[in-house]
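Going down the list, the sequences are from chains Y and B. Quick note on our numbering: the first sequence kicks off at 1 and runs consecutively. Quick note on our numbering: the second sequence kicks off at 1 and runs consecutively.
Bear in mind the hints are in silico, worked out from the structure with no lab data behind them. Any given hint could turn out to be false.
[As the list claims (entries may be wrong)] A partial selection of chain Y residues facing chain B, derived with a Cβ cut-off under 8 Å:
#  : residue
1  : H165
2  : G312
3  : K328
4  : A330
5  : P337
6  : P338
7  : N339
8  : F371
9  : P374
10 : Y486
11 : G544
12 : P546
13 : Q549
14 : A554
[Said to hold, decoys possible] With a straight-line Cα cutoff of 27 Å, these simulated BS3-like cross-link-like pairs (lysine-lysine) come out:
#  : chain 1 : residue 1 : chain 2 : residue 2
15 : B       : K177      : Y       : K517
16 : Y       : K190      : Y       : K200
17 : Y       : K2        : Y       : K125
18 : Y       : K533      : Y       : K517
19 : Y       : K263      : Y       : K200
20 : Y       : K459      : B       : K140
Note that the coordinates shown come from a computational prediction; the quantities given were computed from them, not determined experimentally. Beta carbons: idealized from backbone N, C-alpha and C, even for Gly.
In case you want the letters, here they are:
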Amino acid sequence: MKKELLSGNEAIARGAYEAGVRVASAYPGTPSTEILENIVRYPRIDASWAPNEKVALEVAIGASFGGARALVTMKHVGVNVAADPLFTLSYTGVRGGLVLVTADDPELHSSQNEQDNRHYARAAKLPMFEPADSQEALEMTRLAFEVSERFDTPVMLRTTTRISHSKSVVTVGEPLPELPATSIEKNPPKFVMLPGNARKRHLFVEERMRQLSEWAASQDFNRIEEGKGDIAIITSGVAYNYAREVFPDASILKLGMVHPLPKKLIAEFASRFERVVVIEELDPFIEEQVRAMGIDVCGKDRLPLCGELTPGRIRQALLDGEAPPVAKQAENLPPRPPNMCPGCPHRGVFLALNRLQAYVTGDIGCYTLGFMPPLSAMDTCICMGASIGNAAGLSRVLADEERKKVVAVIGDSTFLHTGVNGLMEMVYNGGAGTVVILDNRITAMTGRQDNPGSGFTLKGEDVPAVDLEQLCRSLGIEHVRVIDPYDLELTRKTLQEEMAREQVSVIITRRPCMLMKRQKVALRPPLHVDPDKCVGCRACLKLGCPAIQWDATAGEKGQARIDSLICVGCAVCEQMCKFEAFGVSHG
Amino acid sequence: MVETITNIYLVGVGGQGILLASEILSEALMLAGHDVKKAEVHGMAQRGGSVVSHVRFGSRVYSPIIPEGEGDILFGFELLETYRHLHFLRPDGRVIVNDLRILPPGVNLGLQEYPDAIAERISEAFADTTIVDAASLATKAGSERAANTVLLGALSRRLELDEAIWRQAITHMVPEKFRELNLRAFELGRAC
Ligand code: SF4
Ligand code: SF4
Numbered sequence: 001m002k003k004e005l006l007s008g009n010e011a012i013a014r015g016a017y018e019a020g021v022r023v024a025s026a027y028p029g030t031p032s033t034e035i036l037e038n039i040v041r042y043p044r045i046d047a048s049w050a051p052n053e054k055v056a057l058e059v060a061i062g063a064s065f066g067g068a069r070a071l072v073t074m075k076h077v078g079v080n081v082a083a084d085p086l087f088t089l090s091y092t093g094v095r096g097g098l099v100l101v102t103a104d105d106p107e108l109h110s111s112q113n114e115q116d117n118r119h120y121a122r123a124a125k126l127p128m129f130e131p132a133d134s135q136e137a138l139e140m141t142r143l144a145f146e147v148s149e150r151f152d153t154p155v156m157l158r159t160t161t162r163i164s165h166s167k168s169v170v171t172v173g174e175p176l177p178e179l180p181a182t183s184i185e186k187n188p189p190k191f192v193m194l195p196g197n198a199r200k201r202h203l204f205v206e207e208r209m210r211q212l213s214e215w216a217a218s219q220d221f222n223r224i225e226e227g228k229g230d231i232a233i234i235t236s237g238v239a240y241n242y243a244r245e246v247f248p249d250a251s252i253l254k255l256g257m258v259h260p261l262p263k264k265l266i267a268e269f270a271s272r273f274e275r276v277v278v279i280e281e282l283d284p285f286i287e288e289q290v291r292a293m294g295i296d297v298c299g300k301d302r303l304p305l306c307g308e309l310t311p312g313r314i315r316q317a318l319l320d321g322e323a324p325p326v327a328k329q330a331e332n333l334p335p336r337p338p339n340m341c342p343g344c345p346h347r348g349v350f351l352a353l354n355r356l357q358a359y360v361t362g363d364i365g366c367y368t369l370g371f372m373p374p375l376s377a378m379d380t381c382i383c384m385g386a387s388i389g390n391a392a393g394l395s396r397v398l399a400d401e402e403r404k405k406v407v408a409v410i411g412d413s414t415f416l417h418t419g420v421n422g423l424m425e426m427v428y429n430g431g432a433g434t435v436v437i438l439d440n441r442i443t444a445m446t447g448r449q450d451n452p453g454s455g456f457t458l459k460g461e462d463v464p465a466v467d468l469e470q471l472c473r474s475l476g477i478e479h480v481r482v483i484d485p486y487d488l489e490l491t492r493k494t495l496q497e498e499m500a501r502e503q504v505s506v507i508i509t510r511r512p513c514m515l516m517k518r519q520k521v522a523l524r525p526p527l528h529v530d531p532d533k534c535v536g537c538r539a540c541l542k543l544g545c546p547a548i549q550w551d552a553t554a555g556e557k558g559q560a561r562i563d564s565l566i567c568v569g570c571a572v573c574e575q576m577c578k579f580e581a582f583g584v585s586h587g
Numbered sequence: 001m002v003e004t005i006t007n008i009y010l011v012g013v014g015g016q017g018i019l020l021a022s023e024i025l026s027e028a029l030m031l032a033g034h035d036v037k038k039a040e041v042h043g044m045a046q047r048g049g050s051v052v053s054h055v056r057f058g059s060r061v062y063s064p065i066i067p068e069g070e071g072d073i074l075f076g077f078e079l080l081e082t083y084r085h086l087h088f089l090r091p092d093g094r095v096i097v098n099d100l101r102i103l104p105p106g107v108n109l110g111l112q113e114y115p116d117a118i119a120e121r122i123s124e125a126f127a128d129t130t131i132v133d134a135a136s137l138a139t140k141a142g143s144e145r146a147a148n149t150v151l152l153g154a155l156s157r158r159l160e161l162d163e164a165i166w167r168q169a170i171t172h173m174v175p176e177k178f179r180e181l182n183l184r185a186f187e188l189g190r191a192c
């Protein structure tokens, strides 16, 4: 059998292929994005980016009802968006197997919260698998489709960043040779969730979960690894690896299915030991349920509720404060936070907002970095699409003068995800506000994915692109302007004019993202600073472009320099300089 | 644990190509028959920020991240980031570091200073330190862009792995157009 080094995400994609998945849908979100990016390697799968996670799940539901196996993937907060169809899908069950991957992000490596999505499995009453490495990610994906069909239920597969983005050695399997046939099946009592039908389905759901719990107790994915001593551990997912690392000899009950719990198995296991510790990341999800069974276990009295676990954190918490043998880090080093790319089209917009002292309701994307100095021009950030609704609410409570300072800033992909609803609200309910759509033609932060506004699909096919201007006008907005954010004066002037307005207005700042390959951002020669002209006024530094460096030893007061290796020649800095020190470099 | 596991940290700046380097390293380790795990973080964290990739190998590896303070090798692509992560190493750990400075934003803005004599400070703290001028060796091989492969070459001499396996991993992971260049760069790095 062939061995490959796969990330959790690649392994899930492979597992879905082997399982005969026909349809895969998602909205990109770290750490889940690479699942769909890898699934396009298997041409027989119809893989696509949906405008948001709710739509992605609805597409998967349709495919499943037609008899096909369907995969839908999202980051943890995406499940909040998809929760509405998910809870009712639990009642209808499936026809073709349906698996929803939730990629959680303990430690918030790239997220706005660190919610523990195991709670969703419990709340929506459906089974959830949790793999501990890439091999399990592949196998559990395959198994999840079987379980889905066998028990007539959607199945959740939960990963965390350290599973999604870690690579480990995987033995791949054989794909189903052919995809099962699809068809229409009329079955209103199962698929039409009106009260009369849904009441009956709820009874079915409870019975299903009981059966699943019983069945899971005898499956290998929930397994006891016998060890020595009288301490025993219950754990799952990536935490299993950390537990093994710290307690190489302990007896461990490793749960592969974290909902429903195999209660009998847990009770038998726990009864054999004096002390049982539950090692799990984030919430005491397993621990509380085990305790509710009347079994005395511990865990979160010592282990942290916040952040991801590490071997060191476990050692420190459970081995009586034995600190990991870590040397001290050197002090006072200049930090290196993430920054927008050189030539990022968003930079000029945030500079203008800063200058105009706007109160900026922000959103989720690379541009969230606009909150950082020196641009420092973002005042709120809640979730995908929230900026416009937040601005609408503010505009209803603020006096006119302050109201005019409020500007909603949202990316093109985020606008199409859920921002457009906020804009409807703003127009419909008489809000007044300025909305900036940062249109860089792509979903940038997750690594350049297409969206309904980009004109391409996940598979690279040409499709009609949503016309943002027409869309805004169709909502009843009269003042829609499209500008080039590389033109600083135009950007500032346009913002100033629209902020003063009594009605809703939309400014679309259009320039492709620097990461864009397909449309090939026009390559321009890098700029350089003429040392005879630079007087050291530091005006250009206010942009925070990583290509501009301050050389304190040059000139009388120091001088700016440009790193020609990373400068993309956007010429925005040139417009900051009153002394015409910037020019195209020659040679 | 009875089995010995070797822990390698790759550190540097987002955009330097560290993820590809750790990919080649892990591939080579797998081809040599080891159990390998590697962990890193994508997304927001990569936009020009500090990047850390963990690579672990041995007969059976559990945790994908390296337990605190158990690093055997710190493989640095930039001086400040290497200095920042020195405390990840065990006291007798080794350092292989690229002789390159990339200024962080605070330094670019003239608000902070890039610490001086980092290379000396690292060599002082860890006797087994190799400083590699990857850029000029890569230029010698044909292009500055092959700097990471030079560094891999330098690392390769410190791991017990057949040279043929490294060449196989590079050939597998690098597009054909750049293959010869990268194999040459690897060669030059190996002499460091
Ligand atoms: S990826 Fe694109 S949108 Fe994101 S910071 Fe870079 S240029 Fe800006
Ligand atoms: S032209 Fe100026 S602002 Fe644009 S990337 Fe180069 S240095 Fe940065």
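Taking the hints in turn, this is what the structure says about them:
Because the beta carbon of Y/H165 sits about 6 Å from the nearest beta carbon in chain B, less than 8 Å, this interface hint is met. Because the smallest distance between the Cβ of Y/G312 and any Cβ of chain B comes to about 3 Å, under 8 Å, the interface hint for this residue holds. Given hint, Y/K328 at the interface with chain B, holds; its Cβ is 6 Å from that chain's nearest Cβ, closer than 8 Å. Evaluation of the Y/A330 hint against chain B yields a held restraint, the C-beta minimum of about 6 Å falling below 8 Å.
The closest approach between the C-beta of Y/P337 and any C-beta of chain B is roughly 6 Å, which is under the 8 Å cut-off, so the hint is satisfied. With its C-beta approaching chain B no nearer than about 4 Å, Y/P338 sits inside the 8 Å limit, and its interface hint holds. With 8 Å as the threshold, the beta carbon of Y/N339 comes within range of chain B, its nearest partner Cβ sitting at about 4 Å, so the hint holds. Annotation: Y/F371 was flagged as interfacial toward chain B, and the flag is violated, the nearest CB pair being 12 Å apart, outside 8 Å.
Hint status for Y/P374 relative to chain B: holds, with the closest Cβ pair at about 7 Å, below 8 Å. With its C-beta approaching chain B no nearer than about 20 Å, Y/Y486 sits outside the 8 Å limit, and its interface hint is violated. For Y/G544, the suggested interface contact is upheld, since its CB lies about 6 Å from the closest CB of chain B, less than 8 Å. The interface hint given for Y/P546 holds, since its Cβ lies 6 Å from the closest Cβ of chain B, which is under the 8 Å cut-off.
Annotation: interface hint on Y/Q549 holds; nearest CB of chain B at approximately 5 Å, less than 8 Å. Because the closest C-beta pair between Y/A554 and chain B is about 11 Å apart, greater than 8 Å, the hint is violated. Between the alpha carbons of B/K177 and Y/K517 the distance comes to roughly 19 Å, so the proposed pair stays at or under 27 Å and holds. A C-alpha spacing of about 9 Å is found between Y/K190 and Y/K200, which places the hinted pair at or below 27 Å, so the restraint holds.
A hinted pair counts as satisfied when its Cα atoms are at most 27 Å apart, and Y/K2 with Y/K125 does not qualify at roughly 37 Å. Taken as a hint, the Y/K533 and Y/K517 pair is broken in the structure, with Cα atoms around 36 Å apart against an allowance of 27 Å. With a C-alpha separation of about 26 Å, the suggested pair Y/K263 and Y/K200 falls inside the 27 Å cut-off, and the hint holds. The suggested pairing of Y/K459 with B/K140 is violated, with an alpha-carbon distance near 40 Å, which exceeds 27 Å.
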